[in-house]
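Chains as they are written, first to last, in this note's numbering: chain A, 24 to 203; chain B, 24 to 203.
What the hints contain is simulated information worked out from the structure, not anything from laboratory work.
Be aware that one or more of the hints could be misleading.
[To be verified] Subject to a maximum C-alpha distance of 27 Å in a straight line, what follows is the list of computed DSSO-like cross-link-like pairs (lysine-lysine):
hint: 1; chain 1: A; residue 1: Lys107; chain 2: B; residue 2: Lys148
hint: 2; chain 1: B; residue 1: Lys148; chain 2: A; residue 2: Lys146
hint: 3; chain 1: A; residue 1: Lys94; chain 2: B; residue 2: Lys102
hint: 4; chain 1: B; residue 1: Lys148; chain 2: A; residue 2: Lys102
hint: 5; chain 1: B; residue 1: Lys71; chain 2: A; residue 2: Lys94
hint: 6; chain 1: A; residue 1: Lys119; chain 2: B; residue 2: Lys71
hint: 7; chain 1: A; residue 1: Lys71; chain 2: B; residue 2: Lys119
hint: 8; chain 1: B; residue 1: Lys79; chain 2: A; residue 2: Lys107
hint: 9; chain 1: A; residue 1: Lys94; chain 2: B; residue 2: Lys94
hint: 10; chain 1: A; residue 1: Lys76; chain 2: B; residue 2: Lys107
hint: 11; chain 1: B; residue 1: Lys139; chain 2: A; residue 2: Lys76
hint: 12; chain 1: A; residue 1: Lys119; chain 2: B; residue 2: Lys102
hint: 13; chain 1: A; residue 1: Lys76; chain 2: A; residue 2: Lys107
hint: 14; chain 1: A; residue 1: Lys155; chain 2: B; residue 2: Lys119
hint: 15; chain 1: B; residue 1: Lys102; chain 2: A; residue 2: Lys148
hint: 16; chain 1: B; residue 1: Lys71; chain 2: A; residue 2: Lys76
As the structure is a prediction and not an experimental result, all values here were calculated from the model.
2 protein chains.
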Amino acid sequence: MKIFFVTGNKEKYREVKEILEGFEVEQIEVDLPELQGEPDDIVKEKAKLAADKTGKTVFVEDTCLCFNALKGLPGPYIKAFVEKIGIPGLYELANKYEDRGAVAVASIGFCEAGKKPMVFQGKVKGLIVPPKGSTRFQWDQIFMPEGYDKAFAEMRIEEKNKISHRRLAFEEFRKWLETQ
Amino acid sequence: MKIFFVTGNKEKYREVKEILEGFEVEQIEVDLPELQGEPDDIVKEKAKLAADKTGKTVFVEDTCLCFNALKGLPGPYIKAFVEKIGIPGLYELANKYEDRGAVAVASIGFCEAGKKPMVFQGKVKGLIVPPKGSTRFQWDQIFMPEGYDKAFAEMRIEEKNKISHRRLAFEEFRKWLETQ
Numbered sequence: 024m025k026i027f028f029v030t031g032n033k034e035k036y037r038e039v040k041e042i043l044e045g046f047e048v049e050q051i052e053v054d055l056p057e058l059q060g061e062p063d064d065i066v067k068e069k070a071k072l073a074a075d076k077t078g079k080t081v082f083v084e085d086t087c088l089c090f091n092a093l094k095g096l097p098g099p100y101i102k103a104f105v106e107k108i109g110i111p112g113l114y115e116l117a118n119k120y121e122d123r124g125a126v127a128v129a130s131i132g133f134c135e136a137g138k139k140p141m142v143f144q145g146k147v148k149g150l151i152v153p154p155k156g157s158t159r160f161q162w163d164q165i166f167m168p169e170g171y172d173k174a175f176a177e178m179r180i181e182e183k184n185k186i187s188h189r190r191l192a193f194e195e196f197r198k199w200l201e202t203q
Numbered sequence: 024m025k026i027f028f029v030t031g032n033k034e035k036y037r038e039v040k041e042i043l044e045g046f047e048v049e050q051i052e053v054d055l056p057e058l059q060g061e062p063d064d065i066v067k068e069k070a071k072l073a074a075d076k077t078g079k080t081v082f083v084e085d086t087c088l089c090f091n092a093l094k095g096l097p098g099p100y101i102k103a104f105v106e107k108i109g110i111p112g113l114y115e116l117a118n119k120y121e122d123r124g125a126v127a128v129a130s131i132g133f134c135e136a137g138k139k140p141m142v143f144q145g146k147v148k149g150l151i152v153p154p155k156g157s158t159r160f161q162w163d164q165i166f167m168p169e170g171y172d173k174a175f176a177e178m179r180i181e182e183k184n185k186i187s188h189r190r191l192a193f194e195e196f197r198k199w200l201e202t203q
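Construct the complete structure from the given sequences, taking the supplied hints into account.
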């Protein structure tokens with residue numbers, strides 16, 4: 024079975040291709056709307072739209088940063104928050120609450136054309152910390168995973184990719200693919 | 024020209040029908056996705072989708088609450104914030120910043136099937152205040168418009184409807200319709 028990863032991001036594609044080694048994965052770009060809703064519903068809907076549009080078996084991946092103090096928000100709207108108030112602004116927001124706990128969530132929506140979409144998720148608990156480290160990826164600078172003493176952005180990329188929410192989500196996905 | 028207001032909300036429909044008196048307005052329900060993005064882009068996209076889906080001339084309306092301290096957020100995501108942290112939580116959030124200024128924005132997307140969508144907006148500046156008054160509508164309890172000493176929720180509905188962001192947006196829309 025050939026499956027298509029809907030993404031415009033070549034870096035992400037390379038990382039995912041490596042995690043899904045042994046499966047036939049190709050990159051495809053599909054123009055999809057950015058949707059509101061719960062993280063799992065968003066990826067299900069996007070995978071369904073992409074499968075219907077292309078007639079192929081596809082998956083999409085979306086990432087959220089959920090503040091405990093805000094009951095899971097900004098969540099799927101984290102990109103808008105990064106754009107509007109920036110990484111320092113996000114830290115400032117979290118720091119105004121006693122509970123600076125957060126969860127990084129990766130959600131994969133998988134869909135075969137004409138079938139119901141499925142979801143696989145990976146979650147990493149952590150803390151919002153003052154910005155530090157490389158600025159390579161959005162909010163990596165302010166998220167310190169539980170059990171570590173540095174932010175994602177202070178880790179080597181290989182180190183982060185071994186423990187990330189995305190890694191966990193794709194491992195769930197891989198396990199399921201292996202049973203097919 | 025008959026135009027269709029895409030909404031499931033009969034109350035809103037009645038209010039809008041009154042503002043647009045003299046024009047042939049009908050209510051229509053269309054299943055549309057909740058989109059992310061800038062308020063004007065969201066209603067343009069939704070109006071386009073609804074026009075393409077129904078083949079009719081349609082308009083949609085969306086409302087945002089934009090905090091100055093958060094550079095316009097929660098904005099279009101205000102519904103998710105109300106659901107997750109509630110009205111008291113939203114007040115608490117605003118109150119953590121020195122600037123409790125906010126803008127209530129109503130955006131109307133209008134589209135004739137096959138044509139480009141248009142946008143009309145109404146904005147009311149105000150302050151986020153401790154919750155008070157009727158709980159009839161979402162965040163009316165915490166928004167006090169500039170020049171008034173009470174929250175939207177403390178006004179009689181006719182009083183609010185005379186000065187609201189929605190009224191301003193629909194008056195813009197009406198003015199444009201009159202030139203057609």
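Problem - Earlier hints that do not hold, by number - result: 2, 5, 6, 7, 8, 10 and 13
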